[in-house]
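2 protein chains.
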Amino acid sequence: MAIRQGRYTLNLTTRPSILGNAAVVGKTEGEGPLSAEFDHIYTDDTLGEISFEKAESTLQREAIIRALDKAGKTPADIDYILAGDLLNQCIGTSFGIRELGIPFLGLYGACSTMALSLGLASVLVDAKAANFAVASTSSHFASAERQFRQPLEYGGQRPPTAQRTATAAGASVVGCSDPNKPCVEAVTFGKIMDLGIKDANNMGAAMAPAAADTIANFFTDTATSPADYDLILTGDLGIVGSQLLKELLQKDHNIDISRNHTDCGLLIYDIEGQDVHAGGSGCGCAGSVFNSYILRRICEGDLKNVLLVATGALMSPTSTLQGESIPSVAHAVLVSKPQNVS
Amino acid sequence: MAIRQGRYTLNLTTRPSILGNAAVVGKTEGEGPLSAEFDHIYTDDTLGEISFEKAESTLQREAIIRALDKAGKTPADIDYILAGDLLNQCIGTSFGIRELGIPFLGLYGACSTMALSLGLASVLVDAKAANFAVASTSSHFASAERQFRQPLEYGGQRPPTAQRTATAAGASVVGCSDPNKPCVEAVTFGKIMDLGIKDANNMGAAMAPAAADTIANFFTDTATSPADYDLILTGDLGIVGSQLLKELLQKDHNIDISRNHTDCGLLIYDIEGQDVHAGGSGCGCAGSVFNSYILRRICEGDLKNVLLVATGALMSPTSTLQGESIPSVAHAVLVSKPQNVS
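Protein sequence lines correspond, in order, to chains A and B.
The letter at position 55 of the first sequence is residue 40 when you use our numbering, and the numbering goes up by one with no holes.
The letter at position 293 of the second sequence is residue 278 when you use our numbering, and the numbering goes up by one with no holes.
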C-alpha cells in the first residue's frame, strides 16, 4: 500500500518489481556507446514501414513484446498498459499497441513519459489494482523533427543547444515484489514549472526547473540527500539542461548532485563523435537507456538504487508559434537492486 | 482498496466520493437544453483570449477552480490533477493548469478523458495514494476544427454524420467517501478497438465498438445487466454511434440497453434546432454534461446509479491523411447517489 511521505512522495510499501524490460533503438542510437545494451538495433529507421509514424508504432510494440517475453508474460496476463509518446494524439502508442488487447491508460507527459508510466504502473500494482502492468514509451527522430521542427528533407540547420530526438522505445513489465528483480520503492509526481523559456531548440533549459523542483521535493519528503543514492538519472536534459539543473539545485536548494548525476541524453550518444549537438531527447531516450543499461546495472547490484527523473516539455508547435513559453514537468521513480543481489 | 472483479473491472471498496464538480461552456452549448445546468456560460467563445487554444486553457482552468471551490478545497489541498484534452500535446490542459502548482498526471484518451481521469483519480483515492485528486478535461469547437478538420474561416461544409466538438470543460474533485456526496463504485478501463472505420467525419461509428466492448465487459465482470442501472451514459457517440452501439450490444452480446441509454452528445444540444448534425463530441462534452446535469440528478437521488462510458477516437490528422483507420477506446465509471439521499 502506498504511504504518502511529505507533500509529494509515495512510498510503495509492497515494493513492486520490474519483472521484465526491453529497449529497441534505431541505427544512430545503435552506433552509440550503449550499443551492446539494447535488445535490438534496427539498421533501417523506417523499420520497413511506409511512414516514420508507423515505424515508431512498430518500435514501441517491439519493445513491449520483448519486455513481456523476458517477464514470461503474454498480453492476456497484463491488466493495464500505461503508455504515451510525443506524436500528436499519441499515435505512436495507440497504433503500436492496438492489436495487443490490453486495457489502455493513455498518458501524455512528453519526454517524462517513462517515469510517469512506470510510476503509475507501480502505484497500481502496489495498490493491488493491477497484478501486472506494462509501462512503455517511444520516440522517433524523423517523426518528431517533422512534427516539432522541420521535415528532414528541408535540411534545416540545428543550433548547438538543440537535442536529438532518439529513435528508441523502452518498456517495463511491473508486478508484485520479486526478490530476484529490481523494485520500485517510491514515486514523486511533479508539478508543472515554467520559468519563461521560449526557445523550442533549447528544451534542456526549459525542463531543468521542473527536474530541480521534483528532485528537491523528493529529498525533502524522504529526508535524504544525494549521497544516499548511487545515481540520480535525469531523462533528456542534455548538456545545457544538466548544467542548469545542477546550478538550480545548488542555488535554490543547496543540493549538490554533481558527484552522482548523469542524464539519459548524455549516455545514449557519443556527443562529440556523433554530431548530436546537446545530446539525446525524446520519450524513447529515457525509455531505452533506463530499460537497458541502467536496469542491467541495477539487476547486477552494480547500482544499488537509482532515482530516475524523466523530464517533459509540454509545449506544442502551435503554442510555440503563438509565442508561448514552454511549461515542463518531471516525475521521479526510485528503483532499487533486487533483494537477493548483494 | 480496489478488488479486481473479472478480467476488466475494479470494485473500489472504499467508495471515493465526488466532493465538488463544475462545468463551464461556450455560447452554443449555453443555448442548448442544458442551459440552466452549467456553472457558467461564456457568450464570447474567445473568453477574451487572443487565440482559441488559450480560450480552451482558460475554460478548463475555470472548471477546475469552480469545482475546487464547490468542494471547499484549494489547489494546495490537492495531491494530483489528472487531465487531458484533444489538442496536440494536450496544451489545453498544460497551459490551463500550469499556475495551479498541483502535481500533474497528464492523460491522453481523446473524448474518453473524463472517464479515464475520473476513474484513475478514484483508484488513487481508493488506494490512499491520494487524499484528494482532481479529474478534468476540456474541448473547444474552434481549436478542434482547425486542428482536426478545417479552420472555421474556410467555411467547409460538414456531412450529416459529423459531430460538433463542444466548447466546454468539466472537472470533478475526488476524495474519501462522504455519505452526502455521490460515490464512485467501480471502474472498467477499456482496450483499444478498431473495426476499420476510416472516416474522421464519422467518429461515432468508429467509437461504438469500443463502447460496446467496455459495456459488455462491465456487465460480465459484475454479473449485472442494464436493468440494474438507472442510466447508461455514453460520451459523445452522437446519433450514428448511439444507434450502432445498441445494435452491436444486441447482436454480439445479447444485451439490450435501449430502455436506459443516452449519450452526452445527444443531451448537450437541441439536435434538430441547433444545426449540430449528429450531436456533440469532444472531451468537454462528456466532461460538462456529467459534471452538471448528470451529477445534479445523482446528488438528488433522481438517478440512483449511472454508468458513465466515455469514448475516445485515437487517430490524428496525420494518421487520417496516411489512410489509417481509427482506433478507439472507452472507459466506464459507475457513479452512485449519496448514501444519505434516499
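A portion of the hints provided could be inaccurate.
Any copy will do: because identical chains look the same in the list, a pair fits if it lies in one copy or spans two.
Calculated pairs, DSSO-like style, for lysine-lysine (alpha carbon to alpha carbon, straight line, at most 30 Å) [stated by the list, open to error]:
no.	residue 1	residue 2
1	LYS113	LYS58
2	LYS183	LYS58
3	LYS55	LYS236
4	LYS231	LYS113
5	LYS12	LYS236
6	LYS289	LYS113
Everything labelled a hint here was simulated from the structure, so no lab data went into it.
Tell me the numbers of any earlier hints that the structure contravenes, in ascending order. Structure breaks hints 2, 3, 4 and 5.
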